[in-house]
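Peer 1: Letter by letter, the chains look like this.
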Amino acid sequence: MASATMMIEGTVDEVSLGARAAARIRLERMFRAHHELIWRTLRRLGLSADLAADTTQQAYLIAAERLGDIRAGSERAFLFSTAIGLARTNFRRSQRCQLESDMDVHVDPGVRAEQVTNRCSAMELMDRVFAKTDPDLATVFVLFELEGLSAPEIAQLVDIPVGTVASRLRRARATFRAAARRMELAYAGQLR
Amino acid sequence: MKEPKPLLREGASDFERQLLGAVMGERPSPQLRSRMRRTLGLTGPLAWASSVKAMLMGLAGKSALGVAVVGLVATGVVGVRSMQAERDETRVSLAPEATAVVIERAPTVREPVTTPAPQKSAKAPEQNASGGELREEILLLDQVRAALQQGSAAAALEQLDRYHQRFPSGILSREAALLRQQAAARRAPRTAR
Numbered sequence: 001m002a003s004a005t006m007m008i009e010g011t012v013d014e015v016s017l018g019a020r021a022a023a024r025i026r027l028e029r030m031f032r033a034h035h036e037l038i039w040r041t042l043r044r045l046g047l048s049a050d051l052a053a054d055t056t057q058q059a060y061l062i063a064a065e066r067l068g069d070i071r072a073g074s075e076r077a078f079l080f081s082t083a084i085g086l087a088r089t090n091f092r093r094s095q096r097c098q099l100e101s102d103m104d105v106h107v108d109p110g111v112r113a114e115q116v117t118n119r120c121s122a123m124e125l126m127d128r129v130f131a132k133t134d135p136d137l138a139t140v141f142v143l144f145e146l147e148g149l150s151a152p153e154i155a156q157l158v159d160i161p162v163g164t165v166a167s168r169l170r171r172a173r174a175t176f177r178a179a180a181r182r183m184e185l186a187y188a189g190q191l192r
Numbered sequence: 001m002k003e004p005k006p007l008l009r010e011g012a013s014d015f016e017r018q019l020l021g022a023v024m025g026e027r028p029s030p031q032l033r034s035r036m037r038r039t040l041g042l043t044g045p046l047a048w049a050s051s052v053k054a055m056l057m058g059l060a061g062k063s064a065l066g067v068a069v070v071g072l073v074a075t076g077v078v079g080v081r082s083m084q085a086e087r088d089e090t091r092v093s094l095a096p097e098a099t100a101v102v103i104e105r106a107p108t109v110r111e112p113v114t115t116p117a118p119q120k121s122a123k124a125p126e127q128n129a130s131g132g133e134l135r136e137e138i139l140l141l142d143q144v145r146a147a148l149q150q151g152s153a154a155a156a157l158e159q160l161d162r163y164h165q166r167f168p169s170g171i172l173s174r175e176a177a178l179l180r181q182q183a184a185a186r187r188a189p190r191t192a193r
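Sequences listed follow chains A and B, in order.
The first sequence runs contiguously to residue 192 in the working numbering.
The second sequence runs contiguously to residue 193 in the working numbering.
For reference, chain B alone in the conformation it holds in the complex (with noise of 0.2 Å):
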């Protein structure tokens, strides 16, 4: 069976050409673009990187810091090299609740847009991730790095304490694991003196 061109290439008149032409260039503007990605924790890879950085200040110390941005980086281009080797094995996930099954097309959605979850569950709210809940979680954690970055790890901890409160196992709770790990580091030296 021959498959037919394109209306624009092909058999479409001055005004459809127009009307087509017209939408295939529509975007969605920088202000949305920038409210999806800020809501699914996409800041961008300069954003991302600082973020990172604060983290291995905490963990390595700063003299140690060139030798630990390496080994992350290696680390993250090991783990998207055996992205598929981890999902036969380990099943790396950021859901708790996914299933051993490998699919290859989404579960039928019938949750309005504007229901917060997209998928009804009998887990725990903090399990069962919605965009609401993710945004909170990226909040909270926001928080803590703010606080780090004034050197208040106190007010870290705290916020730090209101997130596991709120997420006992959230979605972002490793990075709130580094986070205390960060915290905890520098608070210890004043404890010593």
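So that you can see chain A by itself, here it is in the shape it has in the complex (with noise of 0.2 Å):
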């Protein structure tokens, strides 16, 4: 009778272990194909490796608790738009990395435009055009210039219309460009 009784609550729990399982390889499956997308964009935010590994890990959390509200298809969405919450409320601009004021004119003497990503400052320096970029901006310019996301991707990701992306992501590109242009000029003018 015990037994049978142990079998019985054995086979309810094994279903139920059944629906975590597969909750669990659903957050398995959703970490594995966003978490790079998110970190990343947090990190072109202006967050740490180690603050935009936090936040995204947060972002996850999040996600799981609410696993079972989260429709299928709409785990990447979700996800972003957490992430980039909790980045949006955190100290950003703090915890930027430590800038200087006048970074985007400040320049290594003697290092040639051409060698700059060679001498790993690439990133530095695209942090320091996004230091000086307003986020929804910056998002904007990120998903589409390095995640590769269309426009309607954008738009439906970031919860805005497809003409609002069009007109952030011009307005990024002139104050991606320009920045870019200042500082080739001030490497070119070490040069002189």
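Treat the hints with care, as some may be off.
What the hints assert, rightly or not - Output of the computed footprint for chain A on chain B, the stretches with three or more beta carbons under 8 Å from beta carbons of chain A:
id : region
1  : 2-9
2  : 12-23
3  : 32-38
Hint data in this document are derived by calculation from the structure and do not stem from the laboratory.
Where is the CB? At the ideal position from N, CA and C, for every residue including glycine.
Both chains come to you apart, so use the hints to assemble them.
Peer 2: Shown next, in the form of structure tokens:
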């Protein structure tokens, strides 16, 4: 009798385990599919590697809590908007890599512009560019230029109209190109 | 409206190309990735499979392990395929406070990242599973599994009591219940003698 009861309980628990295993598999798939995009976007928004990882992780913990509420196919949008929401409320600006105010014109003497990336400073330069960019513009820029998402995909992800994506992209490009130009000229000036 | 092409494909100067190209490949380091996975309880397929195998050993006994593994895998596959249906009917969810409304977008989050609990709630702390609490749940259950692997069912049960005291309705309470069965099953033969 006792063993029969145990077997019934075991069956019920196995069903529960199946549901939980399915949830864990879904979370695993979500992690594999989207964590790099989210982490990278947070990095470009000025978070350090550690803080970007913490924020990404926090977004996934929230997703794990609400897994049953996330419609299939909406996982990326949920994770992305959660992570961006967390980053926005974070002390992002104060946590940016300690950048000098005139970094976009402060260069290492003797470094040629074409050598910048070879000296592993391109990431830092990009941080400098985005440190002075509106986060809304930077988000659209990162998703379009670096992650290869289309305007409609970005519109869905960020929850804005496609027209707004286009206008933000134009402004973000202008900001990026102006900053890049200043940096390039600054490096060129070092050579004179 | 014609969609613009990414700068890297069209119109970028060499310098801009270098800047963009350099950050495109950036990824979290293996250490950061591993840290995130640990915190989320995603310890990798092999580790997870061995954990499930350990649970099944207690439930079904070694002789029935093969059948049980097949059963569990089938349950998992069916679970994944029927998630949409489950969502409509039984609302499979890890979160006890999950609402019945299907949402597509995340709620607005106001708390800073450093705050453990991402959403303010008047619910009991154990129901408001923050990263730290989930981590603690995982750690406690890892200790239970370690005790079972060392053959100490009594120690495992003690750890489970601690777990239930700390998290009466924790996210991993079902796994804890399975581990308790396993520990009880291992202790039973000795008491029967």
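Peer 1: Establish whether the coverage given for the region 2-9 of chain B by chain A is satisfied; the threshold is a Cβ-Cβ distance below 8 Å, and no fewer than three residues must meet it.
Peer 2: holds (count 5)
Peer 1: Closer than 8 Å Cβ to Cβ for three or more residues is the test here. Does the region 32-38 of chain B pass it with chain A?
Peer 2: holds (count 5)
Peer 1: Counting residues of the region 12-23 of chain B that have a beta-carbon nearer than 8 Å to any beta-carbon of chain A, does the count reach 3?
Peer 2: This one holds; 10 residues, not fewer than the three required, reach chain A with a Cβ under 8 Å.
Of the numbered hints listed earlier, not one is contradicted by the structure.
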